[in-house]
Amino acid sequence: MVAYLMATEKIDFTYLDGTKALDSLSIKIPGGKKVAFIGNNGAGKTTLLLHFNGIHRPDSGEVSYNGQKLDYSSKGIKALRKKVGIVFQDTDSQLFSGSVYQDISFGPLNLGWSQDEVRVKLEQVMKETGIWELREKPPHFLSHGQKKRVAIAGVLAMEPEVLILDEPTAGLDPVCTSQIMSLLNTLNINGATIIVSSHNMDEVYAWADYVFVLKEGKVIAEGSPTDVFRRQNVLEAANLKKPLVLELYDNLVSNGLLARKEEIPATREALIALLAAEQPSNRQGSKKREEISYAAGV
Amino acid sequence: MLYIDQFVYKNRMRHSHPLEKVIFAFATILLSVVTDKIAVHLAVMTVMLSLLVFKAGIPANVVGKLLLGPGGFLLAGVLVLAVTVHVSAAGMLVALPLGNLYLGVTVASLALAASTLFRSLSAVSALYFLVLTTPMADLLYVLQWLRLPAIIIELGMLVYRFIFVFLETAFSIYAAQSARLGFIDFKRSINSFGLLFANLWGKAFFKSQALYNSLLSRGYGGELKVLSPEYKFSLTNTLLFVLLELGLITLAFVV
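So the protein lines, in turn, are chains A and B.
Everything in the first sequence is counted per the working numbering, starting at 1 for the first residue and increasing by one.
Everything in the second sequence is counted per the working numbering, starting at 1001 for the first residue and increasing by one.
Do not rely on the hints blindly, as some may be mistaken.
Unchecked claim - Lysine-lysine pairs mimicking DSS-like chemistry, simulated, CA-CA at most 27 Å apart:
1) B/K1010 with A/K127
2) A/K215 with B/K1207
3) A/K78 with A/K121
4) B/K1207 with A/K137
5) A/K121 with B/K1225
6) A/K127 with B/K1225
Honestly, the hints are just simulated from the structure, not real lab data.
All chains, full assembly: derive it from the sequences and hints.
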């Protein structure tokens, strides 16, 4: 039997205004993985993520962590929120304090740690996320990318087992995006389960181990990224685009320009390397063709 | 827009202990209020403004611009003090007959006006010294040190942070409206301003809910506990402040 870290069993959730956000949704998330939720705006991604640390409570159905049903008593919730941290999409609604240092100290202090323990942790986590130099600044002096890292550090300081990020790279430039994604990789290697929601299919394809596709509060597909992104009917139903690298690779293979490989390239670098390795024979061919076209006076 | 905060965070005195600065500033404000000597008021202004410009490195024109605000209010207020109304023009330096009454200035009213003006300006300059050298987070630390109720400190922290979020939101709505000619004439301006305000309210409520959710997920339990970086006392700063304060006190009470 596979041990699942987090699971939901037929959960329903309707907002006060009558919007049905989750519709009998059941999922199982294995621990130690990099998991991505994809789907349109309004598919229920954020609502689902807020169920994982007890901010939302399902109208019916059950959420469980580590095989245990969530305990919604204040003690149970406190224990859960230590283990499951959420980084919200809008950093301006997450950072509340007058300085970066103070803001990050908030979570660990709520866990009841001593001042000395908190100070040690703060220095470590701020250096890890590359924001130690910003510690005395107020949030309104920071760029969007810097605010994002502060928000992540504020959650990391609580040493969660699961880190959930709601659209962590929305609105970030490519450099910031790759910094954040490689930070998430490092955290995952160190043992944390990482869950993100995203609209960037190329990013999800390159990064995730496991993908859930949400539509109108339901899971319509799940599996490894290569598996999910090759199901045309799923992509159409959820209005999603196939990742460019996978699309190119599949086309190259089906047109006989590239031999089918055991390992499918996940990043553009991997695809380029694959093409370069394939080159020698092709290059000669193309050179010959060039010579022919020259000779023909084209 | 003049973001005073930018100068506060770049000033050269921001790393001295906030308590040193708070005690120095408030002792000086108290002295300014207690003493009647204009010489002391002028000395306080000289000390505080030169500390700001030369030691903290805040540009003189910024300090000047900031003084214009309260300065304007003070002048208007002092003008009323300087002018008196009386049945006879006796003792008035300048008098303007108004029916049976005389509107004019006397030596006493001028002295009162001048002493009020300089007293206020010197207190304001001492306050500016504090405000322009000490970031809000440090000031809140002092309030915490003084054992003020947590609710006041938390409110201060949230208000400070969300003033900027609020302003940024307001400016982005304003920019979006002007880009579509929302402020082309007076009538449209009134209309657009109303929409801006309504929108801002909606957003504020939405953001407060989002903030509450994010605080909850970081273990919020009704109290916004935060930790400040550790501050260090500086002997040279403390000595400087003590010497300056002693000098001002001597000027006020001994000379």
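Now the hints, each set against the structure:
With a C-alpha separation of about 22 Å, the suggested pair B/K1010 and A/K127 falls inside the 27 Å cut-off, and the hint holds. Of the supplied pair hints, the one linking A/K215 and B/K1207 holds, its CA atoms being roughly 26 Å apart against a limit of 27 Å. The suggested pairing of A/K78 with A/K121 holds, with an alpha-carbon distance near 19 Å, which does not exceed 27 Å. Proximity of B/K1207 to A/K137 is assessed by CA-CA distance (about 22 Å); at most 27 Å being required, the pair is judged to hold.
Our distance criterion of 27 Å between C-alpha atoms is met by A/K121 and B/K1225, whose separation comes to about 16 Å. Proximity of A/K127 to B/K1225 is assessed by CA-CA distance (about 22 Å); at most 27 Å being required, the pair is judged to hold.
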